[in-house]
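Participant: Once you've looked at the hints, dock chain H against the given chain A.
Protein chains in written order, with our numbering: chain A, 1 to 591; chain H, 1001 to 1346.
Worth double-checking, as some hints may not be accurate.
[As the list claims (entries may be wrong)] Some chain H residues well away from chain A (every beta-carbon gap over 10 Å; in silico):
hint, residue
1, 1005
2, 1014
3, 1025
4, 1026
5, 1051
6, 1093
7, 1106
8, 1111
9, 1180
10, 1218
11, 1231
12, 1238
13, 1251
14, 1257
15, 1284
16, 1292
[To be verified] Taking CB as the label site, the calculated pair distances span:
hint, chain 1, residue 1, chain 2, residue 2, range
17, A, 363, H, 1189, 38 to 46 Å
18, H, 1191, A, 436, 32 to 40 Å
19, H, 1207, A, 169, 55 to 63 Å
Quick caveat, the hints were computed from the structure, so don't treat them as lab data. The beta carbon of each residue, even a glycine, is placed where N, CA and C say it ideally should be.
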Amino acid sequence: MQVIKAPRILFFLLIAVLLLIGLVGCGGQTDQPTAEQPADTGESAQAEPPAAPEMAKSSAVIIIPQDPLGFNGLVADTGYEAMVGELVLLAVSEIDPNGNVYPELAAEIPTLENGGVAFDEENWTMDVTWKLRDDVFWADGEQVTVDDVIFTWNAITDPEMGIWVDGVDYTDSLEKIDDFTFVVHYNTVYTSYQTQFGGENFNVYPEHYCDASQGFTAWDCNRAPLSDGPYILDEWVTGDHMSFSANENYFEAGKPGIDTLIVQIVPEQSVRKAMMAEGDADLNMWLSEAEAKELSELSNVYVSFSPTERWVFRLIPNLVERGTVDPAGPPHPVLGDVRVRQAIRMAVDVDTITNSVFLGYPKPVWTEFFRPPYVCDVPRPVFDVAGAKSLLEGAGWTDTDGDGVRECHGCTTAEEGNLMEIELMTYGEYGEELELAHQLIGEMLGEIGIKVELSVIEGAVLWADYESGGLEQTGDFDLNLYDDGYPGIDPTDNQLWYYYYTAAAEPDYGWNVGRWSNADFDALLDEAYTLDEDYRKELFCQMADIMDAELPQILLWSAIGADAFSNRLEGGQSTTNDLPTWNVADWTINE
Amino acid sequence: MLNYIIRRLLQAVPMLFLLSLILFVLINIVPGGPLAGYGRTRRINEEKIEQLKRQFGLDKPLPVQYVVWLVGNDWMHIDADGDGVAESYGERKGILRGDFGFSFRSRKPVLEEISDRLGNTIYLMGITLLVVALIAIPIGVISAIKQYSWFDLVATTLSFMGQAIPEFWLGLVLLLIFYVRLNNPITGDSLLPSGGMYTLGADFSVWDWAEHLILPVTMGMVGWVAWYSRFLRSSMLETIHQDYIRTARAKGQKERIVMVKHALKNALIPLVTLFALDFPYIFTGSIYVELIFSWPGMGRLFYDSAVHRDYPVLMGILIISACLIMVCNLAADLAYAYLDPRVRYD
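Okay, chain A solo, but in the shape it has when bound:
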């Protein structure tokens, strides 16, 4: 009988695996093309493989759960693109943790007062003149000029390969005056003009290096950038790490303070925490409340909190019949009545949730106008279960059969006898805290006689576009719970228009997914597109009163902005206005 030659098979297996080790070991550290090794030109740098990152000088390790998809936060927005973008690229202006706009490539921020803004009251248009610094250079020695800013803007707004950014609809053109001066011509008053070429995701790209024909969304510059920022990308091993070295030509003398930065991909949250505890990492970004508490108890770690909040947990009620998208259509049988929404707000004990689930970190929030500089004096709603029940009774929702669930007896939005039941959705990606809060809110609404079905949905389903069946865009929901907030410091477009304006109720056109429509609010918002800051604040506070009365959204509490830094790293400061690396050039290592 023929028998297997087992030893020979094992021998071949052994040889094969040893070959694998050799192949991977020798080739595993090959990298992506970098700015200094352009993929398309293949010049001298290609002949010289990148050196392994030097650890002898000062170095810091940033740990993140997934690869950034590039350095362009406008093309792919996991947040990590913008984080690494801050290391290598500069913007015209930026926002500090306290909400102040400061110049980066710009010499100063243009205002009406310094003559940088020319307002044409007759046509209600404006021109903004930006002056750039003349001492900033790309890593290859070319100077950063207005041509780069205009090139970037044109690439972004290209109709075929571009992408939408804030301000694009208001901008007629960019005009070059000289190498360091350009004028932006607007077709209306654009209130966020100071951060149009900056903020979290916008960076300026080099005209002489990026290949415009590849298109902004797909060009090599997104993965192999040419630096004008504090660091230069040395090596990128996909899925493993990126290493950066200090840009010796960085325009701020004596900076950056750390020689080498390594961005390491560590998918598992518990491993990231362990690495901070063991001193193997210097920055762990975007902590949850539980992580913040746990890490703040370590002696070798300090947790930095953002001085301003941005993300607010909120309930988004669907005001129209489920599955419909017309604000003028039939109302939602339960949530279409404002008294019900008011009762829901009164029934949710925000303090209990923030203290028991979020460890006391968050602050209660009840109006969109809680962030400086736009703060309105809206009285905090009271937690009052009896008051909530009374409101529901008055709205025609009573529990006549004693089963704990109210029925419609004289209500204005549902048929007689209908049960008061809704589905409360949230998204699963946030984690355990939100799911606990979700359950608590469900129980609190149950206390006042609303039957709540709890659902945890994938964010990609909840927020998908209309054609892909996104639950919010198609109106296929009752009441949603999640965190949201606007970038930058101006809520006009990014929060008020997209979330509350009537036109933004159209599917895929905005995120007024509750389909709220209020003519007075719309008129006030139209008027708020003005450069008169005092008047804007006044208008905003009038809007705050309308929103407080109608409750198109029920704001509950703010999420923390927190990052953990090792004690050896000095200068780190968390911010919700930008990424934790916003001031990376100022960081130093103190052993």
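Facilitator: Frame of chain A, contents of chain H only:
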């Protein structure tokens, strides 16, 4: 035999086609979509959503998307600028001509995404499988030869535990013990690294690479060792009670020769088949191992693509996996026929 191979390969073609169709439909009918992230964080308007859909090829009906994925669109006019006029030829060649498309997330070609990770996974899983073979075979043989001995009882208990322990939990416990709790008595650092393939910034050393393999290989092999050793034990027990073993003993051959030359060689036949069927794991990797030990491999690529609805990458991985499974199935059948003369396919 050659006819059999040709017949099986021909049968694989319609099967792969059908499989690709089913996978394509299933992936695309899942609620949500690749533009969900753009929608919420970007507050993107309708016009730009249409633009992104055109860039991704999502503006076409699903059957057309499938045809483009399969045979490309460089032979048909497409509307690149959204003006309603199809004015230029597309650039896609389709997977039949080796073009798997580009990732919706990174905009890199799918094959480039896969090739970036494939070597790392083959390296990890290849060594894991080798270690599995080196440990499971002796355990299975000794357990069978010394049936009901203390060794057999211990091995049996441990193998049941190995099969029952959740892989994810095991990985975390290994990390807790060898990274957090235990320190190197000389350097004072953690005894073993938390993850990755090598120490960042350090010069290449075989020990460094090997050190980074210990925990992920241990996590990956435990279940397999348990399963393979039990399988081999059964196979060996069946073999050693065969007549030809008794005959070999009656001829006066030494017990070691009887066991190794006659019993083990025959008992290994089904194991080799099983091994061939598990071989595709070398390509697909283990999601849990790669997540916990920060291993930049195929498992994580698959996981990330699924979470972020990166359809082209998902389809690429699934189709290549399907091809591998079919090839390995065929290889298993052929190996069985080669090793066991009683099996004939002609």
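Participant: For each hint given before, does the structure comply? Return the numbers of the non-compliant ones in rising order.
Facilitator: Numbers 5, 7, 9 and 16, in rising order.
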